[in-house]
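Given next are the chains, with one letter for each unit.
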Amino acid sequence: MAMIGTLTTKERQIGMGLSAILLVLGLAMAGVARQGPMALHGAIAMILGLALVFMLGGSLYDQSEPSASRLTRYYDAPTRFGIVMTLIWAVVGMAVGVWLAALMYWPEATPPWPATSYGRLRPVHTSGVIFGFGGNALIATSFYVLQRTSRARLVDAVSPWFVLIGFNLFCVWAATGYVMGQTQSKEYAEPEWYADLWLVVVWVTYFVLYIRTLARRAEPHIYVANWYYMAFILVVAMLHIVNNLALPVTLGSGESFTIWSGVQDAMIQWWYGHNAVAFFLTAGFLGMLYYFLPVRAQRPIWSYRLSILSFWGIVFFYMWAGSHHLHYTALPYWVQTLGMTFSIMLLVPSWASAGNAIATLNGAWHKVRDDATLRFMFVAAVFYGLSTFEGSFMAIRPVNSLSHYTDWTVGHVHSGTLGWVAMIVFGAIYSLVPKLWCRDDMAWPKAVEWHFWLAITGTLIYVVSLWNAGITQGLMWRAYDEGGALSYSFIESVEAMLPYYAARTLGGGLFLAGALLCALNCRATMRAAGDRVDESDRPLATQPAE
Amino acid sequence: MSHETLVIIAKVFGPIWMGGFMLIVLIRAYNPRRRAEQERIARSILSAKDAEERT
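Just so you know, the sequences run in chain order A and B. For the first sequence, the numbering used here gives the first residue as 9, with consecutive numbering after it. For the second sequence, the numbering used here gives the first residue as 245, with consecutive numbering after it.
No lab work stands behind these hints, which were simulated from the structure alone. All C-beta atoms in this analysis are idealised placements derived from N, C-alpha and C, irrespective of residue type, glycine included. Wrong hints could be hidden among the right ones.
Unchecked claim - Quick look at which bits of chain B chain A covers, simulated, 3 or more residues with Cβ under 8 Å:
{"no.": "1", "segment": "267-276"}
{"no.": "2", "segment": "280-291"}
Unchecked claim - Facing chain B, from chain A, some residues (calculated, C-beta under 7 Å):
{"no.": "3", "residue": "Ser77"}
{"no.": "4", "residue": "Thr80"}
{"no.": "5", "residue": "Pro308"}
{"no.": "6", "residue": "Ile309"}
{"no.": "7", "residue": "Tyr312"}
{"no.": "8", "residue": "Arg313"}
{"no.": "9", "residue": "Ile316"}
{"no.": "10", "residue": "Leu317"}
Claimed, not checked - The following label-pair restraints were derived from C-beta to C-beta distances:
{"no.": "11", "chain 1": "A", "residue 1": "Arg535", "chain 2": "B", "residue 2": "Met262", "range": "39 to 47 Å"}
{"no.": "12", "chain 1": "B", "residue 1": "Leu250", "chain 2": "A", "residue 2": "Ile29", "range": "42 to 50 Å"}
{"no.": "13", "chain 1": "B", "residue 1": "Gly258", "chain 2": "A", "residue 2": "Gln272", "range": "44 to 52 Å"}
{"no.": "14", "chain 1": "A", "residue 1": "Arg546", "chain 2": "B", "residue 2": "Pro276", "range": "33 to 41 Å"}
{"no.": "15", "chain 1": "A", "residue 1": "Ser409", "chain 2": "B", "residue 2": "Lys255", "range": "23 to 31 Å"}
{"no.": "16", "chain 1": "B", "residue 1": "Gly258", "chain 2": "A", "residue 2": "Gly538", "range": "54 to 62 Å"}
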């Protein structure tokens, strides 16, 4: 309710109007679909719309308007909400991941219902952590970084809420749809057509908000972090639209057929899939790194010009790398080679970014030693360097012949997501939460240190065990006896995985424990919000009369 | 146009386009005249207090 207090009467009325539209949209969806996931999703939208109408409607009479002085400050209420959602999705997404890891070791424990089967829960984990945890963190930090680097307040107060609430509705639709068996069968693009259309509306609003705020900036330049955030927003829109072009079976069914077919479908999917890694899981987080690491270390980025060069390198090269997911398939050989070549070239801008971040810490190593928050960011940069090297290496055709379809790929992905993406998010969260809740430090500073060691231990156990698992699998699958027959049956290679699967569950469990500690620490900090206001943290731009 | 011609054009034009673009970025980013401006931008995100501590 405190969020509504930041809105003027007119903004509350606009919000009420939008909520009413959501209510009607949800009702129409539920009515047309009548049954199945789409009907449930309509009902969820309807209930959310109704709840928002009541909350905003009630506030029209009960709550006073915010003072005009708000326009001389940054608008951080959406960032605060986004951080809370980030933490909730972190715990949910990672808990499902650990549960699934345990099922791999102990498949007999799978409950006897379709909704809890491995295949339905796996996308809950991937979407939960990528979109729920990563997406909310990106949106929340982008609003913060955009305002500080532009020295301008967000141009309006309604659209940030539309973006955040709309995006989380998409995430909830995705997770509940998977559990009910709904999927487009496209990795990281599983949600069905109506959810995809909804996300387009949310994403365009996000982009327009970003551009409008940038246009009002009081700085002559656009700081490099904004370039990365904008590449993230723009390219994700492009990828999402093209990969999700589909024809619904009927308007009332939550099922559709993609317009792409055969090998084109595979190519479009992995053009999307790898660029989801590039622009969802890398570009935006590099934006985070280029802002929060220099600010925390209190040192300017080591080479600003190198950051420009690596930006264009990443944007230009990543686009072509997706076909390395399709080595040894029906895709034309030259397209596979193209993907491989660009993946190797990508090492240059990737290491330029990682090196730039690490070199920024020169002269601040004592801070890295003493400050666990900065250490999170340092480790993130190291893992960014490690996993991009590994990715380029695995894209090489003969290496891929060993690694593809094995757990090495899963280990590689987690080295990137746990070691790089989650670490930079936690670094940003520990920087932001005290600031946004007007305190000097987190409520439990020692818990940050504990979280760091849980996260790093968990990541190392996870990644090392899956490297071993993957290479063992790859070698077992290609071992032949003197007669030319396979030396091992498939099930023998599965049995050989048991110790590694136990270790990865432990590693994932430690990482989850750290995330849980972070969530509790943030909750304690939020509850003990102080009154320390940084008077210098203000926009310079003249504000429009909202 | 035959498939072979298209492939030759792609192979000739592609690297020139990519290389040319990178060259433009390189020249613009590493132009010494932009150095002071870049230095100012890099420091613009740090608060005045932080900047004093460093100098």
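At a Cβ distance under 8 Å, does chain A reach at least three residues of the segment 280-291 of chain B? With 10 residues closer than 8 Å to chain A, the segment 280-291 of chain B meets the three-residue bar; holds.
A/Arg546 versus B/Pro276 beta-carbon gap, inside 33 to 41 Å or not: The hinted range 33 to 41 Å holds for A/Arg546 and B/Pro276, with Cβ atoms some 35 Å apart.
Quick check on the hint: A/Ser77 CB to chain B CB, less than 7 Å? For A/Ser77, the interface hint is violated, since the closest Cβ of chain B sits about 21 Å away, which is over 7 Å.
Should the interface hint for A/Leu317 be scored as holding, given a Cβ-Cβ cut-off of 7 Å against chain B? With Cβ-Cβ at 5 Å, under 7 Å, it holds.
Range hint compliance [Cβ, A/Ser409 to B/Lys255, 23 to 31 Å]: Hint holds: Cβ distance 26 Å, inside 23 to 31 Å.
A/Ile309 was flagged as interface toward chain B. Is the shortest Cβ-Cβ separation under 7 Å? Since the shortest Cβ distance to chain B is 5 Å, the answer is holds.
Taking the least C-beta to C-beta distance, is A/Ile316 closer than 7 Å to chain B? Where the cut-off is 7 Å and the nearest Cβ of chain B is about 4 Å from A/Ile316, the hint holds.
Given a cut of 7 Å on the nearest C-beta pair, is the interface hint for A/Pro308 held or broken against chain B? holds, 4 Å
Holds or violated: is there a CB of chain B closer than 7 Å to the CB of A/Tyr312? holds, 4 Å
Taking 54 to 62 Å as the hint, is the beta-carbon distance of B/Gly258 and A/Gly538 inside that range? holds, 57 Å
Distance restraint evaluation - B/Leu250, A/Ile29, Cβ atoms, bounds 42 to 50 Å: holds, 48 Å
Does the interface hint hold: is A/Thr80 within less than 7 Å of chain B, judged Cβ to Cβ? Since chain B brings no Cβ nearer than about 18 Å to A/Thr80, farther than 7 Å, the hint is violated.
The structure shown violates the earlier hints numbered 3, 4, 11, 13.
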